[in-house]
Amino acid sequence: MTMKPTAVEYLSCILFRVAKTHWAVDVAAVQRVHEQLTIHAVPGTQSWFLGLAQLDGELLPVTDLGAWVNQTPCAGAILHLHARLGPCGLRVDEVLGTQTLAPISAALDAATSVMPGAQAQMVQHNGLDFRQVDLSALVQSPAFIAVREASTA
Amino acid sequence: MSVANFRLWFSDVLIELKRWPKAGLFIWLACFVAAVLLWLLSLYAKNATQNVWSDLAVKLSPATVSTDAIGSAASQTTELRVLDNVVPPDDQALKRISETALTLHSRLQQSTEVAALHASKAGRVAGLAVAMRQEQLTNNEASFWQPMGSAIGELEASVRSGDVRDGPAIGLITELQSRFVDLRQQSARANSFTNTPRSAASVEPALQPASIPTQQKPPLPMALKLLPWLIFLLPIGCLLYALHAIRRAVRIRHERHPKEGYAQVASTHQAQQMTAAAPPSNRHAAERRTQAAILQLLDEMEPLAEGDLTHEASVTEDLTGALADAFNQAVHELRRLVNQINRSSSEVRNAVTHSRERTLSMAKHGVVQAREVTRTHDRLEQMQSDVQSLSATSQQVAAYAQDVAKRTQHAAAAVTRSSDALAVMRKQASVAERSLRRLVSSTKGIETRLEDIQTASKRTDLLALNSTIHAASRPLAAEGGTMEFMESTQESHSSQNFAELATDVSSLAALLSHATRDIDQLSDVIRDEAKDSLQAMQATVAQVETTENLSQDAQNHLDEIATAAEALGSAVQEIANRTAVQAQGVIDVTDTTRVINDITHDNATALTQAVEDLQQLENLSNSLEASVHGFRLPPDSAT
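Sequence order for the protein chains is U and Y. Number 820 marks the last residue of the first sequence (this note's numbering); no jumps. Number 719 marks the last residue of the second sequence (this note's numbering); no jumps.
Derived by calculation from the structure, the hints in this document are not laboratory data. Since this is a predicted model, take the numbers as computed values, not measurements. A virtual CB, placed ideally from N, CA and C, is assigned to each residue, including glycine. Worth double-checking, as some hints may not be accurate.
What the hints assert, rightly or not - Computed spacing ranges between beta-carbons, pair by pair:
#1 Y:A536 <-> U:Y677: 27 to 33 Å
#2 Y:R518 <-> U:Q703: 45 to 51 Å
#3 U:Q703 <-> Y:N629: 54 to 60 Å
#4 Y:L602 <-> U:A777: 52 to 58 Å
#5 U:E676 <-> Y:R518: 56 to 62 Å
#6 Y:L591 <-> U:T767: 55 to 61 Å
#7 U:N793 <-> Y:K507: 40 to 46 Å
#8 Y:R517 <-> U:S714: 43 to 49 Å
#9 Y:A536 <-> U:S714: 57 to 63 Å
Stated by the list, open to error - Stretches of chain U that chain Y covers, calculated by requiring three or more beta carbons in the stretch to come under 8 Å of a beta carbon on chain Y:
#10 757–766
#11 799–808
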């Protein structure tokens with residue numbers, strides 16, 4: 668893989684892992700990270716749509732990103748996306764922290780191309796490659812929005 | 081026997097009798113005559129005494145005795161007595177009679193009914209005796225002797241009739257009878273000194289019971305008692321002497337003339353008398369005949385000088401007849417002697433031969449016995465040495481066994497101490513095991529607390545993350561142009577402070593996370609090591625218990641070994657003691673065998689000497705036989 672810095676400016680990003688793939692999102696796209704939330708399942712939805720969580724008097728839809736991408740359910744924290752992206756929560760396997768890193772360009776591969784909003788940039792931390800993801804593109808992708816169960820649809 | 085023969089015989093008898101002095105012969109004859117006279121005198125006196133006794137015995141015989149008879153006899157004797165001066169009987173004798181009579185009375189009363197009928201008679205005797213003692217009767221013949229004799233006679237008659245069969249009662253009656261007779265005789269003798277002897281002598285037999293006359297005879301003088309013996313012995317002695325003289329004369333005559341006897345001697349004697357009385361012409365003829373007889377006798381004696389005993393001299397009527405007769409007698413004696421010597425020599429030779437063979441055999445056996453005894457002695461000495469060595473070895477083994485017992489006891493004590501140490505070790509291991517268990521439990525507590533720390537670390541990390549997110553989102557929001565400038569300035573300062581706080585929290589969270597991870601790792605290590613130590617301790621405890629059991633078993637075995645070693649030591653000591661006793665016994669046996677060996681050697685030497693002596697005896701026998709070998713005997717003389 669050829670790694671070439673695309674810009675001189677650094678990116679503050681949140682690093683997380685879904686199954687065996689590592690991802691990096693802009694820190695501004697995330698409002699909060701929840702360790703545990705009480706999620707109420709919603710009947711007639713996809714299996715990767717975990718349900719609704721009550722948070723500060725508001726309902727937060729929570730989607731299992733691993734189940735949605737790799738058919739592998741995640742068991743970690745929930746990324747509470749910023750409000751400007753709409754109410755949405757993504758369950759990942761592990762949130763590795765925030766880092767200010769210089770993104771580098773990198774072509775998508777088969778493992779990362781399945782994720783809507785995956786960009787051709789990534790950051791490196793501790794020897795790991797974190798693919799950068801545009802969460803607004805992700806949450807606006809039709810596949811992500813179609814939470815109704817297929818048979819029901 | 082003719083008159084001549086009888087005369088010769090009588091002359092021989094006289095010769096034999098003349099060997100004794102004539103005075104002695106006369107003394108013998110005088111004694112013989114005196115003995116005959118004394119015998120005749122004693123015979124007369126004896127007959128006279130026996131006639132008197134026999135008359136009284138007939139009167140008082142058992143068949144005819146009765147109270148009346150006794151009474152009549154008493155009255156008859158009373159008439160003969162002069163009763164002017166009667167002596168009273170002995171008081172002690174009367175007392176004994178009365179006691180005997182009373183005893184008899186009680187005995188008869190206790191006996192059969194028939195015998196009890198006679199008890200009154202015994203009582204009457206006792207009463208008479210008592211009355212006699214009390215009244216001191218002087219004229220007691222009618223009032224005492226007669227009734228008492230009558231009562232005693234009736235008692236004896238009851239014994240003969242069979243009414244009284246009790247042995248003691250019969251004995252008492254006999255005793256009573258005897259006492260009565262003694263008393264009566266005593267009284268009669270006493271009275272005889274004061275009265276006439278005739279009356280005493282006549283009274284005694286009259287009052288005796290029926291059996292008395294044959295048992296109680298008056299004693300004869302010693303001379304009269306010895307007189308019949310002298311009368312018989314003297315003529316018998318004289319007769320024996322005469323017979324001895326006659327026998328001796330006959331034997332001498334037979335030795336002198338075994339064949340011809342007295343007839344031949346008598347004829348020779350008559351011929352000599354006739355020759356002496358013949359005229360001179362006849363005398364020369366007689367001398368020539370005598371010389372011829374002497375020459376013939378010399379010729380007949382010549383073979384004897386050469387040892388020929390087969391010939392005998394002719395016994396003629398000549399003067400040499402007697403010499404020939406004596407010569408033949410000598411020849412006969414020589415034959416007998418030679419035969420006897422030959423037989424004795426043969427017997428001695430046979431006996432010596434047998435004895436020598438037996439002695440030689442005994443000597444050989446004695447040699448063999450001596451050799452065997454010597455060999456046995458050597459073996460016994462070897463056995464003695466072996467037994468002594470065995471005794472010493474037994475002593476050593478006993479000492480070894482005692483040493484083994486002591487060492488085993490020490491080993492048992494050491495094992496006991498080791499077992500005690502193992503027990504202490506097991507207790508300490510148990511304590512350590514419990515400590516490790518508590519350590520494992522504590523490790524679990526640490527893990528629990530570590531989980532809490534991890535939770536806190538995660539929350540801190542999350543808090544730092546959210547703070548970072550929040551701090552990072554403020555400038556973005558300001559860049560959005562939705563806020564005023566002043567507010568944006570304040571927000572910028574707040575965001576900067578928030579970011580610093582977030583950084584601190586994040587650093588704290590990172591530090592906490594590292595500490596938690598390190599603690600977790602250390603806790604895992606401690607837990608694993610504690611588990612390993614616990615397992616090792618448990619294995620150690622199990623091993624210690626096993627070792628302790630083994631030590632206990634070893635101790636038990638050592639105790640048993642010690643006991644067995646002590647028993648072995650005692651047994652070996654006993655064996656040593658007994659072996660010592662046996663050694664002493666073997667020494668004694670060896671000494672005894674040595675003595676036997678010496679005796680056996682002595683016996684062998686003595687047997688050898690005996691063989692030599694027997695050889696000499698055989699040589700003597702042979703020489704004796706050779707000395708009479710020159711004599712020739714007639715064929716029939718050997719028998």
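Here's how the hints hold up against the structure:
no.	hint	result
1	Y:A536 <-> U:Y677: 27 to 33 Å	holds, 31 Å
2	Y:R518 <-> U:Q703: 45 to 51 Å	violated, 35 Å
3	U:Q703 <-> Y:N629: 54 to 60 Å	holds, 58 Å
4	Y:L602 <-> U:A777: 52 to 58 Å	violated, 42 Å
5	U:E676 <-> Y:R518: 56 to 62 Å	holds, 59 Å
6	Y:L591 <-> U:T767: 55 to 61 Å	violated, 20 Å
7	U:N793 <-> Y:K507: 40 to 46 Å	violated, 54 Å
8	Y:R517 <-> U:S714: 43 to 49 Å	holds, 47 Å
9	Y:A536 <-> U:S714: 57 to 63 Å	violated, 34 Å
10	757–766	holds (count 3)
11	799–808	violated (count 0)
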